[in-house]
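There are 2 protein chains.
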Amino acid sequence: MSHTGLTSGLPAWSTDPGELARVSVDRSGVAPDGLPDLVVFAQSVRDVRRTVSYAASRGVPVVPRGAGSGVAGGAVAGAGEIVLDLSGLDRIADLRPDDALAVVEPGVITADLDAAAHPHGLRYAPDPASAAFSTIGGNIATNAGGLRCVKYGVTRDAVLAVDAVLGDGSLVSTGRRTVKGVTGYDLTGLLVGSEGTLGVVVGATLRLSPLPTTTATAAAFFATADDAVAAVTSLQRRGLRPSTAELLDQATLRAIDDAQGTALHTRGEVFLLLQTDGYGAEAELAEAERLLRPSATHLETTTDPETAARLVAVRRAALPAVERYGRVLIEDIAVPRSRIAESITAVGDIARRTGVRIVVFAHAGDGNLHPIVVADSAPPERVDEAVAAIFEHALAVGGTLTGEHGVGTLKRPWLADELGEPVLDLHRRLKSVFDPAGILNPGKAIR
Amino acid sequence: MSHTGLTSGLPAWSTDPGELARVSVDRSGVAPDGLPDLVVFAQSVRDVRRTVSYAASRGVPVVPRGAGSGVAGGAVAGAGEIVLDLSGLDRIADLRPDDALAVVEPGVITADLDAAAHPHGLRYAPDPASAAFSTIGGNIATNAGGLRCVKYGVTRDAVLAVDAVLGDGSLVSTGRRTVKGVTGYDLTGLLVGSEGTLGVVVGATLRLSPLPTTTATAAAFFATADDAVAAVTSLQRRGLRPSTAELLDQATLRAIDDAQGTALHTRGEVFLLLQTDGYGAEAELAEAERLLRPSATHLETTTDPETAARLVAVRRAALPAVERYGRVLIEDIAVPRSRIAESITAVGDIARRTGVRIVVFAHAGDGNLHPIVVADSAPPERVDEAVAAIFEHALAVGGTLTGEHGVGTLKRPWLADELGEPVLDLHRRLKSVFDPAGILNPGKAIR
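Sequences listed follow chains H and B, in order. Residues 1 to 447 in our numbering are what the first sequence lists, from first letter to last. Residues 1001 to 1447 in our numbering are what the second sequence lists, from first letter to last.
Take these hints with a grain of salt, some might be off.
So these bits of chain B aren't anywhere near chain H, every CB distance computed over 12 Å [stated by the list, open to error]:
hint	residue
1	T1007
2	G1078
3	P1442
Which stretches of chain H does chain B cover? Using the computed rule of at least three CB atoms under 8 Å from a CB of chain B, they are [claimed, not checked]:
hint	region
4	154-163
5	175-182
6	238-246
7	275-283
8	416-429
Since the hints were derived computationally from the structure, they do not count as laboratory data. Because the structure is a prediction, the values reported are computed rather than measured. All residues carry an ideal CB built from backbone N, CA and C; glycine is no exception.
The shape of chain H in the complex, shown without the other chains (with noise of 0.2 Å):
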């Protein structure tokens, strides 16, 4: 479809076939049904509102995108569709350190509003693996999450007001300044994990909080899920909160030796990288290794910064490790804390049954597992046989598809399994309001 109508005075914009194709897919491996129309680069909230107003008087999709960094789908675009790229709005429009808050448009990196509040002793503390990619905008998107989350919370957290252009071009501004307030429902909570299907996120005020004092870190080994998934359960039992509880399986840790030429796979069946932080981050390390240490096979602590940066490299090396292996299919299921080890295991039974190879990362503070599926080491029909049981799984255990990287296109089929059709309906009338011509990024979270 030819949009002269929309182009013509928009500063930038492409209908370059290479252009298309770059703004047409994520990091999912979700493949376009065919090329986008037209990709719109904004560069002010009137070339938003001018591009959503457009598509709404013409019934055209616009999928809002930021990085391209997601991995479910959701900024995947085809034939008939408007990409709106909010990249190019990208500045920090005001850092308050009194207030703890930042003011920014959805194009910064994440990484770099949490670097330009380090000189205030502040930073932003939602930290996605994707945090030196990703955009704000993707991230409010998503709801992402992170390794600190367990401790500071998720994007929504983080998340005290947007302005948003909403389906029929009009702007909003949801939300307040201050820490809190019951003035009016949560819209802004609403907006926060929407996927850019109730409204276009063009400007966001952010809570900053205090970097910490201290950092101590522990790298311990398991023999085995249930006694690793046992020792977080007991830290968090005796009152420790850490800010890192991450979980490798002995799959990830054969994959890191093998890239590094290391052997870690040998220290144990699994691997937690633990960290506590704050003014009493000693002495919650100290007894986090007092409550480790009788079931371990391996721990090491540290307060050292060099050799905290070393424990962390393994956990940051797992996943270029496991991608050595082909592409991959990053999942997301979340499940009840009580329920992490017997999904850890679950997952290794269903790679031995399907014969896909699948690894595992866990957020085991909160009992958000990634199962990492290495999408070329089976046929397709088992590949997705893999992908299902893991969802099925998770729901059985009453635990949710998606805990940090959003439904998009990917986990559609399975969303009436865990919401429900009634719920759903419910969405479904919700989003007309927002987006009566239902042109904001149709087809993806919800259906």
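Fit chain B to the supplied structure of chain H, relying on the hints for placement.
Chain B alone, transformed into the frame defined by chain H:
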């Protein structure tokens, strides 16, 4: 109106004028317009569904009610309305220490849940001042805060899932039993704080958190509000995370002195009660002492529970002491952290200008101020003028009408000033999705 169509077969209801008068008011002092038609004492989810369905079919407003402890008029019911009393739904249905969660009915008293968690080393973190008599359902309706929410979050942060009866009598379940999850929109967060206007909460899954190992306490006095607030800010900027940071102004100290025969007001203009907890409690308090010492006119610190209880008692004595002056209106503005001192001063100025007796309590860590207005200390028009001036001040400094009590009926006149008409209209359209007949607590929270 006769409601025999509803009451036939209902196990418990009343049209007794005494009962109706009792359930027609809350602690706001708002006088209802006549007596409600009927009160239904729900014994089951079925009773709730039946009452709401009946009301929807007849277009009769339903006012959900817990303990009636609200202070904004959210549970006030008048002629032509049905009161739906949920206090009989008071079971803790499940408490799972390994998952750190509890499943409760809405009528459970907040402090009872907290107490039930203690033997497991857990607690229910939100601690509104009303915890001893308010219900979880009421806490959810207003997104209640409390003293320790500066560190542990407000009610919304503790609610993982709810069961709610919508305005058509249908029952929906939102949320999940996992800490993290982004499947679908955050309907749970939307229902929290909606003051019974979107659905009647009939069940909730709540997050529990570990009881802190250690608590340390400081009581400090300062010559000015500026000094006190600057001290709190300096703590937060040093990365301290106090679990309590309560300010009382000198007018409050005088009220306490009058009631108790003490001489607290001679120690300074402003009192700060500070608590730290967890593994770093003592290290944090030592650092706090170092930071407070230069500007404090009086400073006392302790880790001894009995001494701490004596210091905490000062804060607890505040409201009863002020209530000796007469009936009070408990206001609840929140302002950006950097504007707290100025707001305390502004309230003092308003009191002097209008001749109304007003004292101030503040949750200083999160900028939530409670100006306590003594209703009978001046002519009604003066009191109205003072209250209006407080709200206008809050909005002028980028704050909000209500930090944790809700809008109820009392704050509706200022609602559009804070939210703006377009956002308020969005609220109305959103409500119509959940409550097409407009019968759920109409005229409250939004307008």
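Taking the hints in turn, this is what the structure says about them:
For B/T1007, the non-interface assignment is confirmed: its Cβ lies about 28 Å from the closest Cβ of chain H, beyond the 12 Å cut-off. Every Cβ of chain H is farther than 12 Å from the Cβ of B/G1078; the closest lies at roughly 23 Å, confirming the non-interface assignment. For B/P1442, the non-interface assignment is confirmed: its Cβ lies about 15 Å from the closest Cβ of chain H, beyond the 12 Å cut-off. With 3 residues having a Cβ less than 8 Å from any Cβ of chain B, the region 154-163 of chain H passes the three-residue criterion, so the hint holds.
Figure legend: the region 175-182 of chain H, annotated as covered by chain B; annotation consistent (7 residues with Cβ-Cβ distances under 8 Å, at least 3 required). Only residues whose C-beta sits within less than 8 Å of a C-beta in chain B count toward coverage, and the region 238-246 of chain H has 4 of them, enough to reach three; the restraint holds. Counting residues of the region 275-283 of chain H whose C-beta sits closer than 8 Å to any C-beta of chain B gives 6, which meets the bar of three, so the coverage hint holds. Given a C-beta distance limit of less than 8 Å, the hint that chain B covers the region 416-429 of chain H holds, as 9 residues qualify and 3 suffice.
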